[in-house]
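Chains as they are written, first to last, in our numbering: chain A, 1 to 298; chain B, 299 to 650; chain C, 651 to 982.
No wet-lab data here; the hints were simulated from the structure.
Honestly, I wouldn't trust all of these hints.
Residues on chain C that point at chain A, a partial pick, calculated with CB under 8 angstroms [to be verified]:
| id | residue |
| --- | --- |
| 1 | Leu721 |
| 2 | Arg745 |
| 3 | Ser761 |
| 4 | Pro775 |
Beta carbons are placed, not taken as given, at the ideal position from N, Cα and C, and that holds for glycine.
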Amino acid sequence: MRLAARRDPLVLAAPRHMSTRRVAVHLLLRKGLFMFGAVVIVLMILMAVFAPLLAPFAPNATDMQHSLARPSAQHLLGTDNLGRDTLSRLIYGARTSLIVGLAAVAAAVILGGILGTVAGFIGGIVQAVIMRIVDMLMSIPMLLLALTLAAVLGGGLKNVVIAISISMVPPFARLMAAQTLTIKERDFVSAQRSMGAPRWRTMLGTVMPNAYPAVLVFGTMQIGAAILGEAGLSYLGIGIQPPTAAWGAMVSLGFPYLVTHPWLSIVPGVAVMLVVFAFNMVGDGLRDVLDPRLRGTQ
Amino acid sequence: MSDPVAAATAGSGDTAARGPILEVRDLRVQFRTPLGTVNAVDGVSYELYEDEIVAVVGESGCGKSATQLAVMQLLQSPPGRIAGGEVIFEGNDLLKYKKNGPEMRKVRGGQIAMIFQEPINSLNPVLTIGDQLVEAYQLHCGLKGQTSTQVAVDLLKMVGIPAAEKRVRDYPHQFSGGMCQRVMIAMGLSCSPRILIADEPTTALDVTTQAQMLELMRKLVRQMRASLVIVTHNLGVVARYVERIYVMYAGRVVESGSTKDIFGNPRHPYTLGLLKSVPRLDEAQGCRLVPIEGMPPNLIDMPGTCAFLPRCSYAVERCRTDSWPELTSVGDGHRARCYVNVEEVGRGPAAC
Amino acid sequence: MGQPPADEHEVLRLTDLAVHFPIRRGVWQRKMGIVKAVDGVNLTVERGETLGLVGESGCGKTTIGRTAIRLYKPTAGSVWFEGRDISNLSERELRPVRRRMSLIFQDPSGSLDPRKSAGNIVGAPLRIHHLVNGRREYNERVEQLFGLVGLDPSMVDRVPHEFSGGQRQRIGIARALACDPSLIICDEPVSALDVSMQAQIMNLLQDLQEGLGGLAYVFIAHDLSVVRHVSDRVAVMYLGRIVELTASEKLYVSPKHPYTQALLAAVPIPDPFVEEARERSILEGEIPSPLDPPSGCTFHPRCPQCTAACKTQVPQLREVADGHYVSCLLAR
Numbered sequence: 001m002r003l004a005a006r007r008d009p010l011v012l013a014a015p016r017h018m019s020t021r022r023v024a025v026h027l028l029l030r031k032g033l034f035m036f037g038a039v040v041i042v043l044m045i046l047m048a049v050f051a052p053l054l055a056p057f058a059p060n061a062t063d064m065q066h067s068l069a070r071p072s073a074q075h076l077l078g079t080d081n082l083g084r085d086t087l088s089r090l091i092y093g094a095r096t097s098l099i100v101g102l103a104a105v106a107a108a109v110i111l112g113g114i115l116g117t118v119a120g121f122i123g124g125i126v127q128a129v130i131m132r133i134v135d136m137l138m139s140i141p142m143l144l145l146a147l148t149l150a151a152v153l154g155g156g157l158k159n160v161v162i163a164i165s166i167s168m169v170p171p172f173a174r175l176m177a178a179q180t181l182t183i184k185e186r187d188f189v190s191a192q193r194s195m196g197a198p199r200w201r202t203m204l205g206t207v208m209p210n211a212y213p214a215v216l217v218f219g220t221m222q223i224g225a226a227i228l229g230e231a232g233l234s235y236l237g238i239g240i241q242p243p244t245a246a247w248g249a250m251v252s253l254g255f256p257y258l259v260t261h262p263w264l265s266i267v268p269g270v271a272v273m274l275v276v277f278a279f280n281m282v283g284d285g286l287r288d289v290l291d292p293r294l295r296g297t298q
Numbered sequence: 299m300s301d302p303v304a305a306a307t308a309g310s311g312d313t314a315a316r317g318p319i320l321e322v323r324d325l326r327v328q329f330r331t332p333l334g335t336v337n338a339v340d341g342v343s344y345e346l347y348e349d350e351i352v353a354v355v356g357e358s359g360c361g362k363s364a365t366q367l368a369v370m371q372l373l374q375s376p377p378g379r380i381a382g383g384e385v386i387f388e389g390n391d392l393l394k395y396k397k398n399g400p401e402m403r404k405v406r407g408g409q410i411a412m413i414f415q416e417p418i419n420s421l422n423p424v425l426t427i428g429d430q431l432v433e434a435y436q437l438h439c440g441l442k443g444q445t446s447t448q449v450a451v452d453l454l455k456m457v458g459i460p461a462a463e464k465r466v467r468d469y470p471h472q473f474s475g476g477m478c479q480r481v482m483i484a485m486g487l488s489c490s491p492r493i494l495i496a497d498e499p500t501t502a503l504d505v506t507t508q509a510q511m512l513e514l515m516r517k518l519v520r521q522m523r524a525s526l527v528i529v530t531h532n533l534g535v536v537a538r539y540v541e542r543i544y545v546m547y548a549g550r551v552v553e554s555g556s557t558k559d560i561f562g563n564p565r566h567p568y569t570l571g572l573l574k575s576v577p578r579l580d581e582a583q584g585c586r587l588v589p590i591e592g593m594p595p596n597l598i599d600m601p602g603t604c605a606f607l608p609r610c611s612y613a614v615e616r617c618r619t620d621s622w623p624e625l626t627s628v629g630d631g632h633r634a635r636c637y638v639n640v641e642e643v644g645r646g647p648a649a650c
Numbered sequence: 651m652g653q654p655p656a657d658e659h660e661v662l663r664l665t666d667l668a669v670h671f672p673i674r675r676g677v678w679q680r681k682m683g684i685v686k687a688v689d690g691v692n693l694t695v696e697r698g699e700t701l702g703l704v705g706e707s708g709c710g711k712t713t714i715g716r717t718a719i720r721l722y723k724p725t726a727g728s729v730w731f732e733g734r735d736i737s738n739l740s741e742r743e744l745r746p747v748r749r750r751m752s753l754i755f756q757d758p759s760g761s762l763d764p765r766k767s768a769g770n771i772v773g774a775p776l777r778i779h780h781l782v783n784g785r786r787e788y789n790e791r792v793e794q795l796f797g798l799v800g801l802d803p804s805m806v807d808r809v810p811h812e813f814s815g816g817q818r819q820r821i822g823i824a825r826a827l828a829c830d831p832s833l834i835i836c837d838e839p840v841s842a843l844d845v846s847m848q849a850q851i852m853n854l855l856q857d858l859q860e861g862l863g864g865l866a867y868v869f870i871a872h873d874l875s876v877v878r879h880v881s882d883r884v885a886v887m888y889l890g891r892i893v894e895l896t897a898s899e900k901l902y903v904s905p906k907h908p909y910t911q912a913l914l915a916a917v918p919i920p921d922p923f924v925e926e927a928r929e930r931s932i933l934e935g936e937i938p939s940p941l942d943p944p945s946g947c948t949f950h951p952r953c954p955q956c957t958a959a960c961k962t963q964v965p966q967l968r969e970v971a972d973g974h975y976v977s978c979l980l981a982r
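Full structure from sequences and hints, please.
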């Protein structure tokens, strides 16, 4: 090119603004509820990861001689009817909840995300067909699905994850379809086409990355819902095979002793509540911070 | 007041008062943002006299809209707030009234009316035009009880909408942008206010519609002997319709004067820069525009010196060391906020 | 089908171009009406020139710009680019064509991917068309493009919202230049900018055209002062058709179509002394809806010189003086 570079001195001298990420972190750190939720989640993750180190007893070790013990120095939260240490079961229960929550949402995000993006991007008959399939999925209650899967495929954590994730696919699919449809109309997507970019490249490289903040926010809150779903299922005895420690199951097992040993049910129940609340607060905070940036303009 | 049009065009009985009808003194408005406090309006003073058309001119971020919103106490309270100053209207300081108190509500709409940039956004999409006109009329004039739809029809006729009897039952989405703006003008003028503030009233409109709108506004305010404040960045509109101008930059008035003084003899480098950078329909072919170099200022962390300094090609040593000058008189009714007060000729049609 | 271009100096030719959009309503998406956004347009753009397209809402100028780059497909008529009929090419066949033609958008914020860095945005065409070999060459070229549009090359890693509006528009321009195109469609490139920024960008566009030799622009805008300033020739549009086409100097001095005359009268000039002396004739009425245009000459309901014939006959674009085309039954 023959033209010499222009040097506009004031353009060169522009000061660097605080980058998006720093502003976001700055804002988040100031939000008390978000911080509370984040701390709870981190603690939960630590608990799950370091369970063998943290738990004083093996979670499934029965000890009939000390069954239904009251909280003491040895058993900080007492024991259940089979003599298993409640605290250890609580700690190991975090694993179950976390695995189910993350796995179910991850599967739903991937499957729902792909379906939604393809539907939104291609449009027309493809969109109509995919969205009707998603609608059908949505009409299946999660509980019924879990029961059916348990009956057909047998019990186990895997089927719980499958049931929950299938029931979560429709919301993610619809979210991605809506996001894709909106983003598709923006000028920067038209710009890609006007430059000659192939469609798939635009979909993967331009549309999807712009849709992910919405998915991130929604997904975080759905983890809480998934954990709640798992607790509900294991409370009903579906999926989780005893003697695996799971918070919902612990609530159920402690029920007969609610009057005399209330902590057996209440403590795991409170754990579920705290964790779900924490994920919701984190999701809220993320949404508040990401929302104006979602629109692209200040 | 049963006939708004007759009442409006009858005008006020008094002859022109000697003092200004609106006086803004040292108004300050701040916005709190995560990155710091923005001094959007940083000590703005101006006067408005009876029966005149005045413009507040500037680019985005200069504070011209924030000033008018502050006068009307329409600022969004977080994050904005009025940090100081007075707005004297008919002997009272409007800023002393409570934002939604009875005195302020009486002034707002009834005595000082305001119309905004996007007319379709100012109208409620689920109510008919007639209903909204009647509601505005009742609120502005402080009436209670039933008001007939005839009021709405008369108002539509006043702003030149054909087939008013039929259109009064239409919804906003059935009106074009230009017609919506006419409806807003009708609402604003329904109780013959003393002042009409128009915030970028024509920016969203087509050129021919723009011309119609401005002619209409001028005609009506002249009939009502009201004063019109046009907030705009369009220098052409200003040159054609306006008698006095306030030029704003970075939250302050940098030059003020009659239209002929400002265009014919601009003294502030920013004003001069604007005039030289705007293309004119009647200029000679091959003219090159002289842009104002650099970028608009960052209103957070402003230095004490002149805000225009980084972009000014006329700066002298004093500009770098002293704080921003006060507004000083450079002619009859003509003031500028500058140590240099340039004396270059503004562009004429043949010159470039 | 449309004649092939007259000579190799022509970069773009639109022949009887029509672009219609159906309005579909209801569950079954039935066609309820047609918006004739562009309705029979003939235009040529020579190498190295700037053709201005001006008009008010609904005139079709943006549609023409986007159809030229084949973001829309013509309903009728043809688009010839550098001697080739591109009206019906598939997206894959269009890829090499889109190397030679690019588009600058109106909204500097909306036209840049908010999640990509400025360097990534500017370099995207280079990657799509595999124009450079290796990282080093790519980075050099991106920095060179930054320099061409007056941006500091050290800002390649910043994201769009860290730039001002004027700077973002420069990023868009740099992106449009990346493949060394022969034609850039500028769709209202300065309308969304502040007054002091507009002059900077207009000067930049003109400098680039002078320095790069052979770069043509189609400059679309609603501001007649802006269009006249940058264009060699101007086409005035109304409801999907061209009503007048001539050199920009002549447009101001001797406009022949009543709409052009009304448009010129409506544009205010930033000079109170000139304004005082001007005739003030205000065009009455509103722009009709493109769904239901008037019969005959679509301008006739608002035209001060309307005759009986104007209500029934559709005027064609005819040359009434050297290089001066008008679409009016009364023009001579």
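These are the hints, each one checked on the structure:
1. Leu721: Result: holds, 6 angstroms to nearest chain A Cβ.
2. Arg745: holds, 4 angstroms
3. Ser761: holds, 4 angstroms
4. Pro775: This hint holds: C/Pro775 lies near chain A, its Cβ roughly 5 angstroms from the closest one there, short of 8 angstroms.
Checked against the numbered hints given earlier, the structure satisfies every one of them.
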